[in-house]
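Peer 1: Next come the chains, spelled out residue by residue.
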Amino acid sequence: MATKILSVDDSRTIRLIVGKAFRPYEVQLFEASNGEEGLAAAAREKPDLIILDVTMPVMDGVTMLTKLKENAELKGIPVIMLTAESGRDNVLQIAKIGVRDYLVKPFKEDQLIEKAGRIVTLQKKPAA
Amino acid sequence: MSDAANYQELARKYGFAPKLESASRLTQLVARQDSDVDEIAKVINKDPVLRDRLLRVANPNAENAAEYNIETVDEALMRNGVGCAMVLAMGTPLALALIKTFQTMLSLKLEFIDRQAAEALENEHLLGTISFAGKVVGAVYLRMNLPSARAVAAGILGLTPEDMKDTSEIFDVAGELLNIVTGNFKSNLCDAGLDCKLQPPAMKVSTDASSPVVPGGAMEHMTFRVNQIQVFVDVTANPWNDD
Chain A
1 MATKILSVDD SRTIRLIVGK AFRPYEVQLF EASNGEEGLA AAAREKPDLI
51 ILDVTMPVMD GVTMLTKLKE NAELKGIPVI MLTAESGRDN VLQIAKIGVR
101 DYLVKPFKED QLIEKAGRIV TLQKKPAA
Chain B
1001 MSDAANYQEL ARKYGFAPKL ESASRLTQLV ARQDSDVDEI AKVINKDPVL
1051 RDRLLRVANP NAENAAEYNI ETVDEALMRN GVGCAMVLAM GTPLALALIK
1101 TFQTMLSLKL EFIDRQAAEA LENEHLLGTI SFAGKVVGAV YLRMNLPSAR
1151 AVAAGILGLT PEDMKDTSEI FDVAGELLNI VTGNFKSNLC DAGLDCKLQP
1201 PAMKVSTDAS SPVVPGGAME HMTFRVNQIQ VFVDVTANPW NDD
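Residue numbers (the working numbering), protein chains in the order written: chain A, 1 to 128; chain B, 1001 to 1243.
Chain A extracted, bound-state conformation:
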């Protein structure tokens, strides 16, 4: 069964890059463009991993992470933050709420795959 990954980012560009990174793997990718949509997608799809931006309209990533951790059904889903913001207060706050890893933009697709691969099984698709 494919690994389910949810990408939550308001930037279509980042969602495209994340999609491209996981294309060679048996991954079912879901997308959301803000925290509110992300929470709904997490509840619906129960992904194995969430890749989460911080600054987004409607609901930001920190609020989504907080709500996720308050929800008994969703709090166990591991989260990787993917953001350009690596300021001390942000990082400390996010780490306190609870994330498995943190990747600062700009990033290489390999870095994302490496970090995700430490948390979930990433199986290469058979060659066509």
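All clues stand as given, with none of them false.
As a list, the in silico DSBU-like pairs of lysine-lysine whose alpha-carbon atoms are at most 30 Å apart:
#, chain 1, residue 1, chain 2, residue 2
1, B, 1135, B, 1197
2, A, 20, A, 4
3, B, 1013, A, 124
4, A, 108, B, 1013
5, A, 75, B, 1197
6, B, 1109, A, 115
7, A, 96, B, 1197
8, A, 69, A, 20
9, A, 75, A, 20
10, B, 1109, B, 1019
11, A, 124, A, 75
12, A, 108, B, 1109
13, B, 1135, B, 1100
14, B, 1204, A, 108
15, B, 1013, A, 96
16, B, 1197, A, 108
17, B, 1019, B, 1100
18, A, 46, B, 1013
19, B, 1204, B, 1109
Just so you know, the hints here were simulated from the structure itself, not pulled from any lab data.
We have chain A already, so just place chain B on it with the hints.
Peer 2: Chain B in isolation, oriented as in the chain A frame:
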């Protein structure tokens, strides 16, 4: 454990790139309204890159170093005020973030060049703006000619420039590029106690290549080039905003 020590431990765990010590120190010094100018000068003098950039900011009309009227760091700070060092402190992480973004996402080695050495922007070009407000107020402006913007957008998405037919797609990628570089420099400001919030990027096609004017504020113009791609970045800042 202190916040600083906790952060260092997390930065190691997550594999963050080390921050540029001199720029961070300069930002912290400039953020204090009562900072000692001698102390600021000492930090700038220790870093040849910061020194060169300060003199360039202090001599905005000079074509090259031989035409500088202001030749020392002390003189530059005395004549232009500490706001000059502020824009320098802000511009450094911004420039590094832009260079790193090109290297990481496009495998291109962007180089800093004198604006006079660049081919001037003519006709229509892409202009992206991100404003920030808080304890420091200002904006970052990014300009590229349209073929450059198309090539950069295509490169980031792993496509060819011919695939990028829709201007809104180019805007989206260039907006994210601007978000990434500005987000990195915002972290530096916040770490120095200059909390501020970024506005979403505003993208448009412009025919006006003139630099914005910021009354009472400082400004730095930076120009970068790789292959046929030129990137123009202007940073304006008004520190110690009391609003």
